[in-house]
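Chain by chain, the residues run as shown.
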Amino acid sequence: MNMDLPKTADAVVVGGGIVGVAIARQLARDGLKTVLLEKGAFGGGVSGASLACLGTHMHNLDELPVLIDACRAWKELAADLGDPFEYQNCGQLRFIMRDPEIAVAEHWIAGETKFGLAPELLGPEEVRSIEPLMTGPILAASWSAEAATVNPFLAVRALLADGKRHGLSAFHSVPVLGFLDDGDSVAGVQVPSGTVSSPNVVIAAGPWSSRLAAAAGIRIPIKSRQAQCLASMRQSPSVRTVVGACESAGGVESGYTQIQQARSGQILFNTVIAPKEVPPNREDCVNEVPLDFVRDSIQTLTTLFPSLRHIPLLRSWVRFEATTPDDRFLTGNLVRPGLMIAAGDNGTGFCRALFMAGLISRMLRRLDPGAFAFLYDPARFSELRA
Amino acid sequence: MKMVALRINGKTFEAESGSSLGGVIHSSAAAFRQSVTLSQPRGIYCGMGVCFECTVMVDGRPARACITPVKEGMSVETQL
Amino acid sequence: MTAGALECDVLVVGAGPAGMAAAAAASEVGADVVCLDLFSNPGGQFHMRPVTSGGPFDSTSQVAEGRLAERRCRERGVRFLEQTEVFWAEPGFTTFASQANDPVAIRSTALVVATGAMERALPFKGWTLPGVMTAGAAQRLIKTSNAPPGRHVMLAGSGPFLLAVANTFGTAGQKLEYYVEMQRFRLAALSLLLANPGRLKEAAKLLAGVRRSGAKILTGHQVVEAMGSRQLEAVRVAPLDETGKPITEKSKIIENVDALCVGYGFRPIVDVTSVLDASHHFDDTLGGWVCSVDEQQATSVVGLFAAGETTGIGGAVCARLSGRISGLNAAAITGRYGRRHELELLGRRLKGARSFAAGLARIFPFPGHLVEQLGDDEIICRCEDVKMREIGAAISDGASDVFGVKMWTRAGMGACQGRICGTALSEIVARRMDRPVSDAGYNRPHMPLRPVSLSTADLALGLVSETEET
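Protein chains in written order, with the numbering used here: chain G, 9 to 394; chain P, 28 to 107; chain X, 987 to 1456.
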């Protein structure tokens, strides 16, 4: 395996999650000899644990044009590749249980409508016509019809396969230990079996990006945040949409919820009331879900969907989101020539992965990065200015 | 030897109290249910509650028949 | 004994020979002990209580020993929780369980895990047909429901457990038609028994029992296919060459078989010890992944002990001895001490028993190579209907370990969470990647250790006021 590791490449992408795989695929399609290095299993770090919801609703008004573009890219990709990753245009409901949230929802709806989207505010009976089993005590819900989900594992696999068809060389079980220096520039990477020289190295390692950047002498403002999820045994069709909580102006304290039913029939759900401090290097341990999280999640699900209270819980998992101070990706040049970054998913990275891939590719080939590149420019943080 | 009566798919069966529901069903039919995607017939495999192949509905809740002792008045539905 | 929040000095998980020995020992020196088990009566697999009292099994030594062990426990005040299945355990210790859908939470100072063993299953052509079951399942059917596995039964696979199951048929007066063992073990078994003369009588009894059953005995033979359209109807059997491979040209179909009971040995159940972060090691002769313990039966986690098959497949004698050692040491953690001299004596006897078990394991090595005979159309993961072809494709596409294969094929994501297919997946991945089986990875258990209804889980977790993770 490692004996096939090329000695040189036009670009090296470090990190085989959805972002790294998307970038590596894009670079290969754009004609660059690309090497992708993943320290573990492709998609096995964070991406596979994601609920992979692709939507524009209640995310970020500044990024809305990007999100619209990103969602369209996924839809087109699903069609182009013959739907290898269970693309489901199921729509998203954001439930409202407290009166002040109605005004919050209306504010989002107004903002999104300006961009040509069509979210609506629905009353409980209308909600039940879309989601019949959601008979819990909700006041209202916002509805965004074009939200979609994909199977995160199969998405990683499909993008990887497509990249390989265009000449991508991808290696699992290869950790990057350090970087090759050429004066101030980065000139490649060091791995256990040797080195790969390249004028372009892209760090797309999610929460591990901080460690990698540090090995290149750069401190980046990416911190890990623990996220978790529960899954039931297969059920007959019970949840038709992605169900979330209303995104309150109050931030994380107002509670984060996501409930959906996978193609397999398993119901995936989680509710986080308060975020948890993550001690250093937790991403490398096997972690278990906090028990108060389990209770909060079960209680939220069964309050909204009372008929599901006896279904069997089958599995839980923990993942780590890479967070940035302003909740936005770091995508672009990283201080030293030859080094770039695409990390900082903040829990919603799946949706943006294809957009980030396009952005990195354009920047790497010195093309016009587009009108929204500035949103993700690492140099927006003073410590990352060259 | 205390006997109890239970219903399986609407039919009444008699079995010794405390005996394994899996055994009662298996005596009548080796196939309990269908597999998830290929719909193949499946029956008892491990007999100790690990494989879930013998899952049936007991009084409205899913249960592994092999580790369920029969009780008077139990109502069982199998998929096959 | 019913559900709710309980406290005790020592919680013993599992009421088989090891668990009951641990519970009795701990309570003897004054510890307050709770012992829980999945089944309706204490005894585990080895001392399985027959459903009919006064029937042919009642007079067996196994059942008598089991009743005695249970009585010893109850006389000393051990509280038994039946039909109780652990779904989570927290350090310190708090153990959460479901008792027939009722919530249970048990706080204890020390924890002894004696969760026993499960079949070390390997797929073969046609293994998912109704009528094909494990050897253990056949034994349980006979004992717990008087139900014959079938009218024309074949027992097959490899290992000393097949002898025990054949004897179960005999004791119950049930007909066994074929006994198919992969190994030709006469000479090796003879030398082992000569080295352990105490076991001669038991071995002779077991062999006599097989002959009495009237079954046609085929050694050096292997099942290559279970055949039938909607359920088992016939079995193809082949002799093995000197390298242990089936000689397909000499295979023959044995018609009119309606129950095929297959066993290749056991593997330890290490779910509770895994989630409590105890150290484990891989030992193919002990069943695969095994909970590591020292001479006190202590794991790498303070206050957590393990005994019996959980610490390596060794049979009932090892289980009882290691169980007693673990119980005495668990009680010592809570400030109640036994006699040091007794512990030393038990330790020496356990060494001898383990040595015999190891000798037995060498005669019947685990046939992991059977995965090489699997065709592309064979179902590997029963829960999710995943075929060999899909697993091969995932590895070709870049899945590097069992976890990677799971992500891309769903093998191991179903109801049993990889407990049945895990052995085969490890063997398949190891061979494809040219790595040792221990490197290929396995499906680490997570919360919940067994499926539990949402309402039961919520209530059980709520029984304990502080559930904050450190």
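Be aware that a few hints might be false.
[As the list claims (entries may be wrong)] Within a straight-line C-alpha distance of at most 27 Å, the following computed DSSO-like cross-link-like pairs (lysine-lysine) qualify:
1) X/1161 <-> P/29
2) G/47 <-> G/172
3) P/98 <-> P/38
4) P/98 <-> P/29
5) X/1236 <-> X/1191
6) G/172 <-> X/1236
What the hints contain is simulated information worked out from the structure, not anything from laboratory work.
Hint check:
1. X/1161 <-> P/29: holds, 26 Å
2. G/47 <-> G/172: holds, 18 Å
3. P/98 <-> P/38: Judged against 27 Å, a Cα distance of about 15 Å means the pair holds.
4. P/98 <-> P/29: holds, 11 Å
5. X/1236 <-> X/1191: At roughly 33 Å apart (the allowed maximum being 27 Å), residue 1191 of chain X and residue 1236 of chain X break the hint.
6. G/172 <-> X/1236: Violated. Residue 172 of chain G to residue 1236 of chain X sits at ~45 Å, over the 27 Å cutoff.
Comparing the model with each numbered hint stated earlier shows that hints 5, 6 do not hold.
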